[in-house]
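Colleague: For this one, chain A is given, so just place chain B on it according to the hints.
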Amino acid sequence: MKKIIALNVNEIPYELAVEPNRSLADVLRYDLGLTGTKKGCGIGDCGVCTVLMGGKPVFSCLVLAVEAQDHDILTIEGVAKGPELHPIQKAFVEKGAIQCGFCTPGMVLNALALLNKNADPTEHDIRLALSGSLCRCTGYQKIVEAVKTAADMMKRSGIIEEEAE
Amino acid sequence: MTPSGDKKLQDRAPYHLSGGLHVTGRSRFIGEDNRPAELLFAKVVLSPYAHAQILNINTTPAAEIPGVVAVLTHLDIPGENQIGLVPQDEPLLPVDQVQYVGQPVAVVVATTPRIAEQAVSKIEVEYEELDPVLTISEALDKDQLYIPERRIKRGDVEQGLQNSEYCMEGKFATGAQEHFYLETQCCIAVPGEDHQITLYSATQSISEVQIAAARILGIQCKDVTVDVPRLGGAFGGKERTATLWACLTALACHQTEKSVELRLTRTEDMLSTGKRHPFEAVYKVGFNQNGKIQAYSVELNSNGGAYTDLSIAILERAMLHAENSYYIPNISITGRACRTNLPPNTAMRGFGAPQSIFVIEQVIERIARKLNIDPLDVRLQNIYKTGELTPYGQPIEEASGGELLERLRQNSQYLELRKSTDEFNQCHQFVKRGIGVVPVKFGISFTSAFLNQGSALIWIYEDGTISLSHGGIEMGQEVNTKVAQVVSSELGVSLARIRQESANTKRVGNASPTAASSGSDINGNAARNAALQLKKRLAEIAQQMLAARYNLKVKEPRIIFAEDRIFDTAAPDRKLNFEEVVKQTYMERVPLGAHGFYKTPGLHFDREKGVGNPFHYFVFGCALTQVEVDLLTGQSDLLKVYIVHETGRSLNPEIDRGQITGGFIQGMGWVCMEEIIADEKGRYLATGPSTYKIPTIRDLPTIFEIEMVEVDREGSSVFRSKAIGEPPFMYAEAVYFAIKDAIEALTEHEKEVELHMPATPEAVVMAAKNHIHLDSTGTT
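The listed protein sequences correspond, in order, to chains A and B.
Position 9, counted from 1, in the first sequence is what our numbering calls 9; the numbers after and before it change by one each time, with no gaps.
Position 394, counted from 1, in the second sequence is what our numbering calls 394; the numbers after and before it change by one each time, with no gaps.
If we strip away everything but chain A, and leave its shape as in the complex, we get (with noise of 0.2 Å):
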């Protein structure tokens, strides 16, 4: 038995019907064709499937679509507004904390999430805050430079204030 919900994804109403088993990384991925999410593990432990609900990070693969109803949903389609980068984004580009692509917009929502709450964070923070995003291929000193020249411009460019408050 399907189940009509609203979700709220990337700032765009949606209503569905779904099946109240189903997870939201699988209607993002196949209902709404946001690819961005990625399925690695299917149990909470690698963090390709990480997507904000209300800010917050959760393994997209372990919230049911129905229980993401009423909450803002960010995917990694959603991070740059318009055509620019965000700078979390330019910063994984022009640090080079990419190789197969296949863990970034884990990553690049983590960091996102961390930054939105912490404009100044620690190599520690950082580490923490990451810690739940495997990635198989960079070795992450790349990830982490990343983040940190991310956070250098969001302070410069002042986004960060402007979203924090």
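Among the hints, a few may not be true.
Stated by the list, open to error - Partner residues are not named here, just some residues of chain B that face chain A (Cβ under 8 Å, in silico):
| no. | residue |
| --- | --- |
| 1 | 16 |
| 2 | 17 |
| 3 | 19 |
| 4 | 182 |
| 5 | 207 |
| 6 | 211 |
| 7 | 219 |
| 8 | 221 |
| 9 | 265 |
| 10 | 496 |
| 11 | 698 |
No wet-lab data here; the hints were simulated from the structure.
None of the values given here were measured: they were computed from a predicted structure.
No residue lacks a Cβ here, since even glycine has one placed at the ideal position from N, Cα and C.
Modeller: Relative to chain A, chain B alone:
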């Protein structure tokens, strides 16, 4: 060593060609692009036994479920039930016996993944369990070898041992490693007219999938198209392994005449796919008071799993790296690949070399302890010098291992580090620090010489934009970025003009697997060859245009392509636009497409004699690590890592740096975190990230310094660059030796500890416990 002067190519080294797509979620992996309507879903019945006779398969209850479109067994294979390469020993679906836990036995095709899953549980397979062979020693006892033992020999080991001042013998075993690519094995098959089929397969080897699928379906290569946009990681795990899943999807598509997707869950993937080969080694070594090795004999035995897969080639590379960076006058290397009832073990970054290098490094460490000489000095004592021959007779040209070790010593301030480590250990009872050093020499080329060839196809369109295809698979190593850089550099055009196409058997036929660190070398050279052909044609037209437009007549024209312009050096201010020359070339009916080809020169290897030049060149480097180990909990923390790596003239230093970091961290997982245990029935107990721990961002060292030494080398590849993918993996063995060094600090380095590899916290506690004596008050 003289650093190279020309930084032109690097100055324009671009970011990841798909970086902007990846960070916005717009990059497309398999199954995310042009998803066919009315897609069916395949799910596979996996063997629960490591070895069993199949008595009966009852598919009826599954077939009756509404939504099930087909249930397929070996009886439904229209062609030959064979996906093996050399030798052909692997069925797509077994006829009478299963050979490993997780082996596909039947395939369900249904309208939804859920129905397919339900139907799989309804398939009744009757088995008669047989005794499995799981370990190397059992396989050796039963003489289950894939090929007769191989040997590489030089000098007289027996004589060498007798003449040595010291002799030692020992054993060393290295464990399996799961690739843990984040994108699991997957394929989408789409039917076409006249029995054609297109496979979007997560494979590193488009041609191999094409050949195997044609054989399975009883059609021909011309009927099968394999297309790969990019992979979500591979590391060797999609070189051979992908063929099985691609062929099962092809079979499902062929039989239902509908598009079919097969995508493994993480559990299915980890349970049923092969890993890095576990090796067990037995060695003898003879050496002198100064640490110089006189004689070394080593037997390398690998656990190949249930089918040959790449076990023979992997054994070969292990044997060809058994001496690592050291000249050993008398040496005997014996290799055996064992057949067992585990999933067929397969390629993984390093391809056998990490396993054999680990053994000789263990030997070096033991020599140092025995003689009470610093291990770094023992390494320098034995390191290759230019002109010395490898055990298989290939000369080491431009040997830089010694020089790099000296740089490492400086970069890490080795003496002070050793001193501060010792001081730390003197005032800490149960927390100890240790240091490990490992040099690496890694041979570049497929050891099967015929694979060292590559093709590329370039079309320049009328508007001056460029379509670039080559045989390399993009899987994060950024072969696409590097090859596009080569073309952009030759044609003097911006990268924005170039569309890097997917890897596709129709555009590039007979492609070698993207493996052996050779992707950029082979495909970069092939693309360069195509670009040079086009450049020659464009230059002739440009010369005519310059003559007609500017009345420029030069006896020996030197046409330059740069910054999207074309001009003669005689009149550099009279420039033609790239587009207008392209347009004129088209109007003159001169072809604007070119196929480029490259084969690596000078390779030969006689496998029977164990002699030849299997490698085009070698990559050299070394690493030092410092760890801190809590000997009561076994927890180790990586404090410092210093790497010195010689790159040749890097095409893209930041990409290379990323490969060094990524390879090191992946190697660190192998040596001290990742453990694959099979139970007594041959079932892997690690089936997901909850039971298998790969490094996370919290495992990064506090200090991670990489020096890339850039030097022009004769032994190098396209634009004098060197391969980068695999060599850095082995640097991580220094982490294991650092942990061992830390534990041995318990006895002031007087006693050697037995440390299991991987050096997990459990292994550390086991190694340390005999040297820790707690009394009732908790003190020693």
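Colleague: Tell me, which hint numbers fail for this structure?
Modeller: 2, 5, 6, 7, 8 and 10
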